[in-house]
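So the protein sequences, as listed, match chains B and F.
Quick note: the first sequence, position 13, residue 81 per my numbering, numbers continuous.
Quick note: the second sequence, position 310, residue 378 per my numbering, numbers continuous.
Each computed DSS-like pair below joins lysine-lysine, with the alpha-carbon atoms no more than 25 Å apart:
| id | chain 1 | residue 1 | chain 2 | residue 2 |
| --- | --- | --- | --- | --- |
| 1 | B | K358 | B | K480 |
| 2 | F | K83 | F | K229 |
| 3 | B | K431 | F | K523 |
| 4 | F | K523 | F | K229 |
| 5 | F | K431 | B | K523 |
| 6 | F | K358 | F | K480 |
| 7 | B | K97 | B | K166 |
| 8 | B | K229 | B | K213 |
| 9 | F | K213 | F | K97 |
| 10 | B | K434 | F | K523 |
| 11 | F | K400 | F | K495 |
| 12 | B | K487 | B | K358 |
| 13 | F | K83 | F | K213 |
| 14 | F | K435 | B | K523 |
| 15 | B | K166 | B | K400 |
| 16 | B | K523 | F | K434 |
| 17 | B | K83 | B | K213 |
| 18 | B | K435 | F | K523 |
Calculated directly from the structure, the hints in this document are not laboratory data.
All of these numbers come straight from a predicted model, not from anything done at the bench.
Protein chains: 2
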Amino acid sequence: LSRLPCEEEVLSHIKPETGEYTRIWKVAKELLSVVDESGIAKGMVVGSIARDTWVSGDRDLDVFMLFDPSLPREELEEQGLSLARGITTRFGGVPQEKYAEHPYINTNIVGLDVDLVPCYAVESASAIISAVDRTPFHTRYITEKINGLVDDVLLFKQFSKAGGVYGSDQMTEGFAGYLCELLVLHYGGFRPLVEAAVRWHAGLVIDIENHQAKEFSDPLVVIDPVDPRRNVAASLSVTRMFEFVEFCRGYLSAPSELFFQPHEPRVLGFPAFQEALSERGTALYAITCKTPGEIPDIVVPQLRRSVAGITALLERNGFVINRADSSMGEEKCMLLFELLVDHLPALKRHSGPPVWNPVNAEKYLKKYIQNESVFSGPYIEDGNYYVEIRRRWQDAGALLASRDLTNASLGKHIERSMKVHGWDVLKNEDCWQEAFVPFISTFLEHRSPLMRIQKARESAEPQNP
Amino acid sequence: LSRLPCEEEVLSHIKPETGEYTRIWKVAKELLSVVDESGIAKGMVVGSIARDTWVSGDRDLDVFMLFDPSLPREELEEQGLSLARGITTRFGGVPQEKYAEHPYINTNIVGLDVDLVPCYAVESASAIISAVDRTPFHTRYITEKINGLVDDVLLFKQFSKAGGVYGSDQMTEGFAGYLCELLVLHYGGFRPLVEAAVRWHAGLVIDIENHQAKEFSDPLVVIDPVDPRRNVAASLSVTRMFEFVEFCRGYLSAPSELFFQPHEPRVLGFPAFQEALSERGTALYAITCKTPGEIPDIVVPQLRRSVAGITALLERNGFVINRADSSMGEEKCMLLFELLVDHLPALKRHSGPPVWNPVNAEKYLKKYIQNESVFSGPYIEDGNYYVEIRRRWQDAGALLASRDLTNASLGKHIERSMKVHGWDVLKNEDCWQEAFVPFISTFLEHRSPLMRIQKARESAEPQNP
Numbered sequence: 069l070s071r072l073p074c075e076e077e078v079l080s081h082i083k084p085e086t087g088e089y090t091r092i093w094k095v096a097k098e099l100l101s102v103v104d105e106s107g108i109a110k111g112m113v114v115g116s117i118a119r120d121t122w123v124s125g126d127r128d129l130d131v132f133m134l135f136d137p138s139l140p141r142e143e144l145e146e147q148g149l150s151l152a153r154g155i156t157t158r159f160g161g162v163p164q165e166k167y168a169e170h171p172y173i174n175t176n177i178v179g180l181d182v183d184l185v186p187c188y189a190v191e192s193a194s195a196i197i198s199a200v201d202r203t204p205f206h207t208r209y210i211t212e213k214i215n216g217l218v219d220d221v222l223l224f225k226q227f228s229k230a231g232g233v234y235g236s237d238q239m240t241e242g243f244a245g246y247l248c249e250l251l252v253l254h255y256g257g258f259r260p261l262v263e264a265a266v267r268w269h270a271g272l273v274i275d276i277e278n279h280q281a282k283e284f285s286d287p288l289v290v291i292d293p294v295d296p297r298r299n300v301a302a303s304l305s306v307t308r309m310f311e312f313v314e315f316c317r318g319y320l321s322a323p324s325e326l327f328f329q330p331h332e333p334r335v336l337g338f339p340a341f342q343e344a345l346s347e348r349g350t351a352l353y354a355i356t357c358k359t360p361g362e363i364p365d366i367v368v369p370q371l372r373r374s375v376a377g378i379t380a381l382l383e384r385n386g387f388v389i390n391r392a393d394s395s396m397g398e399e400k401c402m403l404l405f406e407l408l409v410d411h412l413p414a415l416k417r418h419s420g421p422p423v424w425n426p427v428n429a430e431k432y433l434k435k436y437i438q439n440e441s442v443f444s445g446p447y448i449e450d451g452n453y454y455v456e457i458r459r460r461w462q463d464a465g466a467l468l469a470s471r472d473l474t475n476a477s478l479g480k481h482i483e484r485s486m487k488v489h490g491w492d493v494l495k496n497e498d499c500w501q502e503a504f505v506p507f508i509s510t511f512l513e514h515r516s517p518l519m520r521i522q523k524a525r526e527s528a529e530p531q532n533p
Numbered sequence: 069l070s071r072l073p074c075e076e077e078v079l080s081h082i083k084p085e086t087g088e089y090t091r092i093w094k095v096a097k098e099l100l101s102v103v104d105e106s107g108i109a110k111g112m113v114v115g116s117i118a119r120d121t122w123v124s125g126d127r128d129l130d131v132f133m134l135f136d137p138s139l140p141r142e143e144l145e146e147q148g149l150s151l152a153r154g155i156t157t158r159f160g161g162v163p164q165e166k167y168a169e170h171p172y173i174n175t176n177i178v179g180l181d182v183d184l185v186p187c188y189a190v191e192s193a194s195a196i197i198s199a200v201d202r203t204p205f206h207t208r209y210i211t212e213k214i215n216g217l218v219d220d221v222l223l224f225k226q227f228s229k230a231g232g233v234y235g236s237d238q239m240t241e242g243f244a245g246y247l248c249e250l251l252v253l254h255y256g257g258f259r260p261l262v263e264a265a266v267r268w269h270a271g272l273v274i275d276i277e278n279h280q281a282k283e284f285s286d287p288l289v290v291i292d293p294v295d296p297r298r299n300v301a302a303s304l305s306v307t308r309m310f311e312f313v314e315f316c317r318g319y320l321s322a323p324s325e326l327f328f329q330p331h332e333p334r335v336l337g338f339p340a341f342q343e344a345l346s347e348r349g350t351a352l353y354a355i356t357c358k359t360p361g362e363i364p365d366i367v368v369p370q371l372r373r374s375v376a377g378i379t380a381l382l383e384r385n386g387f388v389i390n391r392a393d394s395s396m397g398e399e400k401c402m403l404l405f406e407l408l409v410d411h412l413p414a415l416k417r418h419s420g421p422p423v424w425n426p427v428n429a430e431k432y433l434k435k436y437i438q439n440e441s442v443f444s445g446p447y448i449e450d451g452n453y454y455v456e457i458r459r460r461w462q463d464a465g466a467l468l469a470s471r472d473l474t475n476a477s478l479g480k481h482i483e484r485s486m487k488v489h490g491w492d493v494l495k496n497e498d499c500w501q502e503a504f505v506p507f508i509s510t511f512l513e514h515r516s517p518l519m520r521i522q523k524a525r526e527s528a529e530p531q532n533p
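Next comes chain B alone, as it looks inside the complex:
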């Protein structure tokens, strides 16, 4: 399969040169020998460096320390951390304790972002004790099969990054590195994968080893070749999946290096922000609160849940929402809501019980017949009671600033942050907080990745009359 000139061009930039390769492997091998020398664990390089599928400039070196499976979990953690700290100090790094399924050490060694992760050296992937034990099997599987497709993986990773769909973290909800490798393997290269993806539909199942042992309802299912009960694509959202499908269609119809250039989000200035607000005519509300201390993979889904909860609260109260999103900053988080309607009349229609149920009907009538705030009713429509009463919240801003907000099924840590530290409600131009300028800009200029490229290309070309 011949490559397009633009693909060759991209490869020449992203493929690590021999110098980069030997520099990284020198460090890696030194780390491995120190682990092995300890006598208590065996070292193994995993991830894209182990598989030769890293893109030039990547600085992530993952070294796993494989311990005997007979070691109790507590001792694994203790011995693993102790060994990792010793190694870090020996290489002049500062150890930072992090936590996935169990604790590990992250550090910087001669410019590389190194993870030192303890795990169990189990005999087969079906015998894993902790999820990290699976990683060595992934590395062995890819290393064995990837021959001849390394360049295709590099192209595909760069393509996914440019499309904003690379990474299985909670913020991105996109394609993990291992998933990229499996897809290239399955379709036999970058181009065949892209050509197939334009016809992807939700519910697609890819089972390379033909050994699926569990059903999944995810939009894309890629059965793990080393674990028949695991979907490698579980964290891919349906939005990211179809942004990718659209991105592939765009590439095939007009291939160019644009599809490999990382997206630099356009940042608005304050006057452009003001103009956008006034042209849209909507009401923009931001809620800001102190960022909880937890890691992004905990906080981001909670922000998402909070946005959904507050959207439901606003809609229950009759306000009409166009779109909402959230952003986790260092100091503060922002939940952003664009409302079509943020002010409502005093009157609100309240739906009651059906008339055929005498008990509920009687309770309902008792409640409303002597109620001073009734405008009309109770009346009957199609067998159901209705009454028109005074609305609790006529103004969306007042609702968002009220205690009602913390009852809006927020994420746990967001709710706690708001209850302890309070929150601010900002409207329209006041939403323009410096730390959130890129976020707000992207919110207003919201486009799919392909549309961003099309729009950029269009602005660059001379306009047809």
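Got chain B; can you put chain F on it based on the hints?
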């Protein structure tokens, strides 16, 4: 079954005295003998006068002229009308031609509202040629069975009138006189009927002769004793049915003459109207157009359909409606809409095709990528395209005044009236048109019949502190 004092009291007012009885029957008998004398038809008194179930003060005398079934339809109409005109003139009345399933004559004779209706004297109800041929069978059926229950029918009719649910015309959508008689027959009296009705539910079937030969999906099904394929309650709406159920509950819990007093709708003055508008805070829009020449039973359902069509048009354009209704006046019709939201921002969210369909996706993108009025997008959410574009109508009043209105699936004659004579759009205080003051008052004071009584009783009683 003993009657309550209030029932006895009501009966003493609504039961025709001997004088009224003999006066009406004197006219009826004279009319009958003139029909018989013609030699071409036989006279028959039908309706409530024939059955002795008329309420004192009723002035409707229905005389049917039964022709031989072998007579062709055209000749029946010609001979029937000619005979009726002759009789009318002879009794000093002015003949007015009206039309049900075929033409008949309506006139006023010594203060009675007399209908002279030609029909076929068929041998059985199953052999009817036109729907009016069924009426003599109804009269014979009720006359034969109603012995001893005449007072109960009178009470029940008065009760239904007071509850606003008497009459099977399109405006009322309530209980026809024949339906009232059948229900009293079925339950064995006024009180057993009212006691049963409090537990009515939608879908109830009453089949006195146990001969149902067709399924119905109406809220109440009462199989016609003279026609197993007909639902006598077909024109009863579910709203009227349950207003009646609620009215019965109210009567049983506190029986009083109030439940037999015709409802006098409270009419607002202009200052009270202004105050109601300002308290509700909603936007009231009225559309008025020339009343079509057709009878109410044609026009009223078309007004209803037009209100539904315009409501859907408003909602499609993002406006939020609380309630809508219509009124057919002599000169003009009014369609009234109460909006919670009548002004919207420029921005509108437009939902596009799913991304997985490449053909539709491509068409959609072509349409919007170069569109100047795009605020955001196209973007992808959960596998679907969306775009945020400029809204066509930001103001509900402008939409209602535009040509778009006549494409809103209006009733046929309403649409024609609007297209030929135009229409006016009035807002808030301008809706206060003299001919529609009772209609607008009832619209704003909207209550079920029972609630009207409760409210009236409450206002009359001294308030508890």
